[in-house]
Amino acid sequence: MATTKPKSLRKIWGQATPYLLILPVVIYYAIFWVRPVIAVIIGSFTDASGIFTLQNFVMVFNDESFFPALYNTAIIVIVSVTIEFIGALFLALLINRKFWGSSIFLFLMLIPMALPAVATGAMWMTGLTAHGWINSLLYYLGFLAEGEKIYWLGGLQQNQLKLLALVIILDAWQVIPSMMIILLAGLQNLSEEAKEAGYVFGGNFITVLRKITIPILQPTIQTAVILRLISAIQIWLIIVLLLGFGRLPVLVERIVYYHEEVPGLDISYQMAAGYTIIVSVIVSLTALLYLRVSGAFKKEETV
Amino acid sequence: MATLEIKNLTKKFGRKIIAVDNISLEVHDGEFLVLLGPSGCGKTTTMRMIAGLEEVTDGTILIGDVDVTELPPRKRNVSMVFQNYAIWPHMTVYENISYALKLKHMGKSEIDQVVHDVARMTKISELLERLPTQLSGGQQQRVAVARAIAVSPKVFLMDEPLSNLDAKLRVSMRTELKTIHASAKATTVFVTHDQSEAMSIADRIVIMQGGKIVQIGSPEEVYEKSADLFVADFIGTPPTNFFDVELKKTGETLHLVHPHFDLSLSPKNAALLQGYDKDRLVLGVRPENILLANEQAKIMSTTVLVVEPQGSHQVIAFKLDENIIKMVAPAQPKMKTGTTIHLNFKQEALRFFDPDSTLAIGN
Amino acid sequence: MATLEIKNLTKKFGRKIIAVDNISLEVHDGEFLVLLGPSGCGKTTTMRMIAGLEEVTDGTILIGDVDVTELPPRKRNVSMVFQNYAIWPHMTVYENISYALKLKHMGKSEIDQVVHDVARMTKISELLERLPTQLSGGQQQRVAVARAIAVSPKVFLMDEPLSNLDAKLRVSMRTELKTIHASAKATTVFVTHDQSEAMSIADRIVIMQGGKIVQIGSPEEVYEKSADLFVADFIGTPPTNFFDVELKKTGETLHLVHPHFDLSLSPKNAALLQGYDKDRLVLGVRPENILLANEQAKIMSTTVLVVEPQGSHQVIAFKLDENIIKMVAPAQPKMKTGTTIHLNFKQEALRFFDPDSTLAIGN
Amino acid sequence: QPEVVTKEVEVPVEVVKEVEIPVEVEVEVPVASKTLVFSSRLFSPPQEQEFFITEIIKPFEDEHGVTVNFQIIDDQTLLDRADIQQSTDHVTTDIVVAHNSRMAEWIDAGWVEDLTDHVESWDDRHFSEAFVQNTNKDDKQYFLPVGADVYLLLANNKALPYLPEGVDLDSITWEEYADWAVAVAEGEGEGKVCITGIPSKSWVYMFGGTALSFGAGFPDANSAGAMDAWKVWETIGKGNGFVPTVLNVDSCVDPMMREESWLTVFHNARAGQVFASNETEFTLAPAPTGPTGTGSIAGVSGYAIMKDSANYDLAVSFLEYLTRPEIQVKLAKGTGGFIPPVQEAIDYLGDEAIDEVINKAVLVLENGVVSGVPGGDYEDWGAVKACFDDVFADTILTGADVTQDRLDEAQTCIDDLLK
Amino acid sequence: MKSKTNKKVIKAAKETVFYLFLTTLIAGMLLPVYFIISLSFLSTREAYQYPLPLVPAIKTDMELGYGERGYLLSVWDRIDKEYQTVLDTADLEKMEYYIKSQLGTKITEEELLIETSRLENSDEESIFFTKPRALLNNYDTFFTVTRDAVPALIRSLQIAGLTILISLSIGGLAGYAFARYIFRGKDTLRFSVLFVRMFPGVAIALPMVFILAEANLYDEPLGLSLIYSVGAIGLTIWITASIFMGIPVSLEEAAQVFGASKFQAFMKVTLPLALPGLAASAMYIFLGAWNETVAAIILTQFKPTFSVVVYQTLLGASGQVNLAAAGGISMAIPAIFFTFFLRKYINRMWGGVKV
Ligand SMILES: Nc1ncnc2c1ncn2[C@@H]1O[C@H](COP(=O)(O)OP(=O)(O)OP(=O)(O)O)[C@@H](O)[C@H]1O
Ligand SMILES: Nc1ncnc2c1ncn2[C@@H]1O[C@H](COP(=O)(O)OP(=O)(O)OP(=O)(O)O)[C@@H](O)[C@H]1O
Ligand SMILES: [Mg+2]
Ligand SMILES: [Mg+2]
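Chains as they are written, first to last, in the numbering used here: chain H, 1 to 303; chain D, 304 to 666; chain R, 667 to 1029; chain U, 1030 to 1448; chain L, 1449 to 1803.
The set of hints was computed from the structure by calculation and includes no laboratory data.
Accuracy of the hints is not assured; some may be wrong.
Listed below are several chain U residues computed to face chain L (Cβ distance under 8 Å; list not exhaustive) [said to hold, decoys possible]:
id	residue
1	Pro1074
2	Pro1075
3	Asp1109
4	Ile1113
5	Asn1307
Subject to a maximum C-alpha distance of 35 Å in a straight line, what follows is the list of computed DSBU-like cross-link-like pairs (lysine-lysine) [stated by the list, open to error]:
id	chain 1	residue 1	chain 2	residue 2
6	D	Lys426	R	Lys985
7	D	Lys481	R	Lys1012
8	L	Lys1716	R	Lys678
9	R	Lys934	R	Lys914
10	U	Lys1260	H	Lys162
Some chain H residues flagged as far from chain D (calculated, every beta-carbon gap over 10 Å) [said to hold, decoys possible]:
id	residue
11	Thr46
12	Leu70
13	Thr82
14	Phe85
15	Lys98
16	Lys149
Note that the Cβ used here is the ideal one computed from N, Cα and C, for glycine as well.
Here chain H stands alone, though its shape is the one from the complex (with noise of 0.2 Å):
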């Protein structure tokens, strides 16, 4: 049949469609989000009057606090995520056991992730410091003497590592429950089989959990932890919130100090827009580094 017929407009729509339906949020993102993107990119690569320099990576690379901000953040992600994972699984295998009252159960679970951040700030300062709740609490429990107290922001030494721990303790609180609905999710459309064949041939719960349910979960794994990796890396709010700027910097922190805190430098602008550009780029590879290595895009080829 070599006769070409003249492609009908229904066919011409029919392969549009799809392009039509996301055509709206490429417009809404081209009006509000890529001006503002691509200024930021031309700020990061001019100078202050304007013209093309890679100065601004220089003056990032030379920061003194850029190297600290990229091992924080470094370690946040991959601390965090894992806890975070763990944690969510954990929640969501437990919910998925549909036992009397787990709904009640779930929603309980939920609230971390609906308190506003006045709510939360509120909560740890008041918790962290030394006259404040958790020592309180720990002191009717007994576990303080008393006049003992706990420094947990860090009293006069500065110990890095214990911040971090902090921090990644008290941002999987909040983000725990986000993680385990899509776990749940994906554990829900599990096949009960699946888990029952794997008892049957000789596993225990461990075993069946390590090597039939996480595997076949790995798709909904990939979607929760890719998400979070996302948001993980641009953690610094709660950091600000409990210990100012500069004490754990971080990259994303770094950015909001250069807007926020010392917006007049000559500099501020282009360090801000440096740092901006490097993380995206560090989240984006890290993205596409976990997809590949998490074996995304080999099912993809193969579906």
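With chain H fixed as given, assemble chains D, R, U and L with the ligands onto it according to the hints.
Using the frame of chain H, we list chains D, R, U and L with the ligands on its own:
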């Protein structure tokens, strides 16, 4: 291999739902037992209790004389083919089969040996490196079977392993399963709601209804000597035709009187009904026992409603009042809708049921 | 009601996959046509093109002489029963049935009338207020059918509507569908991969393979005069048994020689092979055409491998070298594994195929 | 429909343009619905907000038949908001209250009106010199000072027993304060001095006050006087005098109230707030003195009218109202104890506890060495603060010596930021 | 049947342990929340005590005696178990204010007058009296100070609603495309959508706000929803895509065959079925919009959101953590309500997740 014994097994879900109601049962060593019954009758629940996937409300399960009632699945030495196979989608066929063996700390080379053996037996040797998504339904099914036989279990459980297959594949898989069983001689419990499947592969059939066992027997027994109306209706396609008839005695002969026919019973049949004192009963006649007759031998005449040619035979449906009656006739001569036919019953194969208790009379 | 005509229909997915390959077909007014073929042969794709759910790569579709190839589904005046029913789960049965009618701006009372009519026809009158989740599989299926007939379409499409039902229900639904068709006389295209289903309900069967039509004919035609090896194998359970034989002439008689038998052909059969000049052919014998014979009439002897009692008959399998051959025998006498049996073929029913082209010889 | 009305009033140009509905505008705009938007960084504590609204704004509203929309916003956001409003010509804010360290940004951007003429026409009030210099530029008055703050010493009475022999709290020197702090630390086993430190970047002011007491300028890091000031804090640091949570203290109010810390030198309004929470538990005194007197950084905020404000005249009369001496006093007393920056206001002070706070502050103001915040001279005042914070963090906090080299380095850091 | 009862006992024990474990877990997770709630009911004085009281007091025991400046007011301290002097004043108005603001207890000047005269008339050095605590005092203060709290709350709901609408409609369309169509560049596009989230939002918050102001959306609820939607759309696309993947295409096709246009089929069939999942994803969007302050504070003047008025009230609330707590809780309650009502749809949100 071992025997499997179930004693007074009961399973309740919550307070009200009694899924399995006090059943007892013995499966002999190497036997192929089929649990058959309509949807929801408790087959899967029974099987899951045997596997240890469902807690027992009451009763005992013995495998090879060991009480396993309280043991977790992995300690029962059973294996199972799940209804939808439950092949692990993230593992290759090889990994699927070897999972259980690894958990038994079997050596690498030994595992390899076993996997290849069962793969050969189930004809999936060339598929070992594939992922389940790359397999057709029938192939998946064979993987599930391979995985189950690889562990050489004491008891082999299969929960409707064929129900997802298309008609043709189902029939051929049936034969294959039977062949595998014949060579492995594993004590097997096979669940199905397809009576023709049950008939064709069972050593013995257990028919369940509403959580209870209605009849246990060989395929021929349950087909020819169905214990009650339910079994008679459930077993056989098309099912048994039932006629409400009146029992009349004219001299020495017993008559079954129906608006459309009046059948005088053979002495053998009449003997069966001795001792039955009600004046109504239900007559059961299997489709192949309704015979095309000539004018003289007929007990009734009717017109053909629908004909379903089946190649080797044809199913003829006709109506008596509101009831559709089906009979099986040889493929030739071909029948047409509207044709008048004359019929008779095969006396040796008639079955009688008590309309109140629904039980067969004179068994 | 209307005729449906398909001319040179082709469907490609991407560049490589040709799902439907240049098929042409005419469905008469009021006819019940079945599309039959193995999984993946293009049945669903064909049906979806008729419904307008899939774009046509090439070819034309006419419904009642109107070219609908480019029309959207809603303008084609067809209705469809989907494989998984596709009943809208958020609407009651009543709403499901009436939705299409509302879209046609039918009046309230008229809609009510129609819904109750079709509900009566499909025996779901008491279910009208239920939601689909509260229905059993069989009931859902009837809702899907009711919804499809309510719109009085010109063409009625059914894509494996019975494949999700259990064996027993499937058989009874078959009869019901056929009855509904008989009374509604809608032009119907019915897709299935279950050959026995096809046989029992079709006016004509279209057998597809690999996107092409292999044979079109009445159930008896495709069963008895299968056009090629594929059809002969696909139609009938158990399928046709095939024997590679050598064609020899001894005097006037033609012989078919096989390692296990030597069959001299009847003149009628010999006549069929006139003009066939190769010396090998494939002999096809349906299971019911392998006959138990006495010592004298036998052409070969063998021992029984497996017996599958089927109530009304029994299927006997035996082995010739590596091939399993199945035959259907009357239920009595019962056969046992290992028994020696003597066999003969029914001459009138033999089929011959060209091993190279796979086509039937002498048709 | 007050919403419709307000809009049209504020953007009079639009009203003119919309010829179709001029009548409606005329008819539907009752004078009462004029709204003056007053955005302030000052008076943020809730009880002060409450006071400002009910006691200060209310009478004005009643008198003029207008509405004053009072909003609390921090300096940076206020600037961001002004930026938006100015650059998109949607000026809806009428009056802003900014901190003096940020005033230069407002003036330089040209976002506030020159109010010199009005100020000169009001002859019943004179702004204290110490504040005028900060709110001025090129001899033009853009900001009218309000809510001035100087340092007071606030002590929890539990610290009093440690006060070195013979020290008079009302004339305590910085050295004595340092010794006191160390004594408390030794006695209690942990430091009790609170300073507003790293998180809010206020160390520069604390240190600035000390340095002024020793004759240094502000912001000096390495002059001789400054060195002396560093030594005071070095003593406290080495004696572990700081409360261990010092790095997290955003405002000393909370730790003082929680009794985590016992001693602090603190801006008077906040000191007053803590004092008021339990007058019997706290003692207030003027800030410690040095050779040149009691040094103090005068924190002050200022009212200004946004450029292109639609309610300019109303805004002017509101500012006139707010700067009246009696209102300034009422305001100062009702809001924790700021110093009224109008000289005439001092006369209106009484002799209640709150007056005592203000009086002590005024004492500091009058007798002390006071400096404003020369934020406008530097590229970024935040960066200047950071220069000081860094020294604090790596010497005093770690217990290390403050060396001249380190200070010279800091001074370079500061000077580099000079415009 | 000894073993049977045994089994029951074991089962009951197992369940008890399980629920004990759950309770511990919930207690652990929600302990901070408990404290912030408890804090919001404490009086200022109690809120700054150490150790912090575990539950709010329900009454205030006070002692009135003579002091240097006038009357000496002391309060019973639950921790130290003694009366502690807090105020020395002759000014009853001041005392009344003190008791309200610091002790979270309401007493009128008249009542104080009665107590003082009781003191004057007795020969004791001091007298004692007890008043119930005004437990909601902080909330009371909060809503008094927070101007236009109710209109702001309504506006916030409106903005959150608009944001949900915009994100779900725009994002939902794209999600639908990703779920239902195969087209060139699909994976790249899907990843790009995520890239929007990868670019630090803080860096472009202000420029985005400028764009809106230029578009005449300054001080308009719609403007804010448009800004919030930028962040929300990316995630919405992913969520809705997985929701739509979970709804069989054949349902839509059935509608088409039975006479509906593609659009009708979507509206009548797919949308109602997706609704629970969409509602759950609306929760994420709601939380984001509800809690956002940074853009809102710059972009509003006459029409602030609830988060803005809360921010304005609490900006200077040092020394009043209990008030801040009350503010935080007030803000959290609508969000928690929203979560509560949508909890059972939550597992419908990530239908067929696939990266
Ligand atoms: N987890 C459960 N909770 C409550 N009831 C259940 C549960 N599992 C099964 N049942 C009920 O127990 C009865 C028996 O179910 P079972 O699954 O054993 O039936 P079945 O014979 O396997 O049916 P099918 O042929 O449909 O698979 C049914 O009425 C079913 O509804
Ligand atoms: N959307 C599609 N994209 C690509 N290939 C497709 C698509 N739909 C069907 N095919 C391919 O087209 C061929 C015919 O498919 P179709 O669904 O028509 O088969 P079928 O005869 O209905 O099979 P079954 O009995 O399994 O339903 C198959 O090879 C299938 O893989
Ligand atoms: Mg079952
Ligand atoms: Mg199909």
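Once the closest CB in chain D is found, is it more than 10 Å from Lys98 (chain H)? Since the minimum Cβ distance to chain D is about 13 Å, Lys98 (chain H) lies beyond 10 Å and the statement holds.
(request) Confirm or reject the statement that Thr46 (chain H) sits farther than 10 Å, beta carbon to beta carbon, from all of chain D. (result) Given a closest Cβ separation of 50 Å, the condition holds.
| Holds or violated: Lys481 (chain D) with Lys1012 (chain R), Cα cutoff 35 Å? | Holds, because 29 Å separates the two Cα atoms, which is no more than 35 Å.
Assertion that Phe85 (chain H) lies outside the chain D interface [Cβ separation over 10 Å]: holds, 18 Å
A closest beta-carbon separation below 8 Å is what the hint needs, so does Ile1113 (chain U) meet it against chain L? holds, 5 Å
Beyond 10 Å from every chain D Cβ: check whether that's true for Lys149 (chain H). holds, 49 Å
Handout entry: Non-interface claim for Leu70 (chain H), where every Cβ of chain D lies beyond 10 Å
Key = Consistent with the label, Leu70 (chain H) stays out of reach of chain D, its closest Cβ about 35 Å off (over 10 Å).
Classify the hint on Asn1307 (chain U) as holds or violated, based on whether any CB of chain L lies nearer than 8 Å to its CB.
Check passed: Cβ of Asn1307 (chain U) comes within 5 Å of chain L, closer than 8 Å.
- Does Lys934 (chain R) pair with Lys914 (chain R) here, judged by a C-alpha cut-off of 35 Å? Holds, at roughly 16 Å.
(Q) Lys426 (chain D) and Lys985 (chain R) were given as a pair; does the straight-line alpha-carbon distance stay at or below 35 Å? (A) holds, 18 Å
Thr82 (chain H) clear of chain D by more than 10 Å, beta carbon to beta carbon?
About 21 Å separates Thr82 (chain H) from the closest Cβ of chain D, which puts it past 10 Å; holds.
Review point. Holds or violated: is the Cβ of Asp1109 (chain U) closer than 8 Å to a Cβ in chain L?
Key: Cβ of Asp1109 (chain U) sits 5 Å from chain L, so the hint holds.
Violation of the numbered hints given earlier is absent; every hint is satisfied by the structure.
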